[in-house]
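Undergrad: Given the coordinates of chain B, work out where chain W should sit on it, guided by the hints.
2 protein chains.
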Amino acid sequence: MDEADLLAAAQERQAQVDAVLERFFTLAIRRAEPLGDRYTSLWRVLESNTRGGKRFRPRMVMSAYLALGGRDTEAAACVGAAFELLHTALIVHDDVIDHDFVRRGVPNISGTFRDEAATRGADERLAEHFGTSAAVIAGDLALFNSYRLIDRSGVSDVVRSRLLEVMDEALFASAAGELIDVDFAVDGGVPRVDDILTMERLKTAVYSFECPLQAGAILAGASEQTVTTLADFGRDIGIAYQIVDDVLGVFGSESMTGKTTVGDLREGKRTVLIAYARSTREWAEIAPLLGKPDLDGAEAEHVRALLDGCGARAFAEGLARYYGNRGLARLAEPHIPSALREELHPVADAVLRRVR
Amino acid sequence: MDEADLLAAAQERQAQVDAVLERFFTLAIRRAEPLGDRYTSLWRVLESNTRGGKRFRPRMVMSAYLALGGRDTEAAACVGAAFELLHTALIVHDDVIDHDFVRRGVPNISGTFRDEAATRGADERLAEHFGTSAAVIAGDLALFNSYRLIDRSGVSDVVRSRLLEVMDEALFASAAGELIDVDFAVDGGVPRVDDILTMERLKTAVYSFECPLQAGAILAGASEQTVTTLADFGRDIGIAYQIVDDVLGVFGSESMTGKTTVGDLREGKRTVLIAYARSTREWAEIAPLLGKPDLDGAEAEHVRALLDGCGARAFAEGLARYYGNRGLARLAEPHIPSALREELHPVADAVLRRVR
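Sequence lines, in order, name chains B and W. Under our numbering, the first sequence has 206 at position 206, and the numbering climbs by one with no breaks. Under our numbering, the second sequence has 254 at position 254, and the numbering climbs by one with no breaks.
Chain B on its own, in the form it takes in the complex (with noise of 0.2 Å):
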């Protein structure tokens, strides 16, 4: 196939994963109007905060699928849309954890909530209040109907078992990633380099490379080895993919990566980055510059700068390409069929390719 094929067969499985959505929204908010304008609205809004990703977990089930031979791909795209709400479940209750009522520049649910409360005379303390509440129950039903949608995908009792498993790995992880993060603002230091990677693997890896690609494998019939291989490659190839995410958070461009680059050196926000830097001698300049919450573009650039200069930065590209290989070795192995390798490869490659 060439480019111009490959990009529409992608669209086409986002499509149907949309539609997999789109099914279950329309329901849910049929489904709510008798209970009031407010909850129809929650749906909605819920709706619209589930619409904007780039679905990429549902991309990562349907190719795994499709490529291990998958012919029902009404049931993958279901699946894909579970995974898909569990994401929006995790980040509603994620904007909740961390006070925040605007996500991409956008108000997320409890923004929009918040916004609505002020607009009918509510103080700001009852508007947050009124805003978090309903992202708080928001992210319950985003949580509970993920799991309904593998449950409604149709597939086979044995089947669904399994896959029932994988989702519920996938939150048993990222609720320990969540939870270690906030452990690691309570106890104030700079973790080492393999507790950062452990958290940002359960908190995030998990969930978006490894459980989407093992689901995939599972819905597709494929035998244990190449379940096994796969997770694997998600695990290396999700841990690589966070170490860069941190890289650009830093070093990119806002026009690449659609969030600012001083974000966060102003949050704070404990990478691989610092956690290399702090054993080297850079860090007596590094360290009272991070997490200052007015740093200048100037100081920022300092920062990067001495980031750079201690290593910090080789590091973390030299540790994310190191990932990204260990997970491409494994698509190398016999029992892989060569339709998966050339499926994934691209996906490897992709991460690989935001580091310079």
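Hints were generated in silico from the structure; no laboratory data involved. The structure presented is a predicted model; accordingly, all values stated were derived computationally and were not measured. Some hints could be false.
Since the list gives no way to pick one copy over another, a pair counts as held whenever it fits inside one copy or between any two copies.
[To be verified] Cross-link-like lysine to any residue pairs, in silico, SDA-like; alpha carbons within 20 Å at most: (1) Lys292 - Glu12; (2) Lys269 - Arg125; (3) Lys269 - Ala122; (4) Lys269 - Ala185.
TA: Structure of chain W alone, referenced to chain B:
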């Protein structure tokens, strides 16, 4: 059966539910251990927060199930435990929404983790953030696993699918009720009596009475007619229970309710009492005292006298009796087996006995 036999039977059922939950948590804790001490302790705290309850919802499941001739007490205990876990999830997230760190005088999940962070030197803001984050995560885990427990109850495909629909309805309704409740606060005014009843039914009665009874009947293979009648009974008794609860929140004794009878008045909690009083002459005197955070004993006594004098108390008690009796009348329908009638009569009696 005499009273002693009934008590022994009730304890036996509760012990079976407790055993299911203990097994579930033992496995979860073992699975959490490799992911860190903090995560393991989150699971332990979630378990102890699940342990305190009166196992009311499992009792509803088992009452319906056994009285309808069900014999697989293990499956019924599993479904009962699922409702208990759903209850835990909703309470834990309700506390997040209300920014509560204590429940019944004991630190809840937020409180436990807040205190733990404070011990490690976190300042108040950070400690509260950590506590709230832990509670959001713990509630998610409880919610997701309430679903899992149904799935693992070992029932047939058809029954499982119907039980999951009931659980789905429980969460769907409860989310709507919770949203209406916080919406009352934004509106600021005093809602009408029927709006209060709708909110209380959705937020609590559906998942506490209606759905557990339905689930027990479905599990027992009861007729559609019986399932519907039980749901209707549960709805009526659930509403009666909520009204009684609100009356006792103002007029009850602390020894009876386990909570202060000034709390609801200080908080300005919107109840049937208040909605009724709103339409009386006494309102002018009641309104300024309601929601007064430092309401003292004498003022509280004065509000009680006014709520009594204006007829609000008698109205609420009458309304509770009306719903209670309506529920009881449903049990008299000819398709309800006498064993079920005998089993559920005491439930309705216990609710009504709480109003004079």
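Undergrad: None of the hints should be skipped; say for each whether it holds.
TA: Against the structure, the hints come out as follows:
Taking the shortest alpha-carbon separations for Lys292 and Glu12, neither the intra-copy value of 45 Å nor the inter-copy value of 59 Å comes in at or below 20 Å. Proximity of Lys269 to Arg125 under the C-alpha cut-off of 20 Å is restricted to the inter-copy arrangement: shortest distance 18 Å between copies versus 27 Å within a copy. For the identical chains of this complex, Lys269 and Ala122 are inter-copy neighbours only, at 17 Å across copies versus 33 Å inside a copy, given an alpha-carbon limit of 20 Å. In this homomeric assembly, Lys269 and Ala185 come within 20 Å of each other (Cα to Cα) only inside a single copy, at 9 Å, whereas the closest approach across copies is 36 Å.
Taken one by one, the earlier hints fail for this structure only at number 1.
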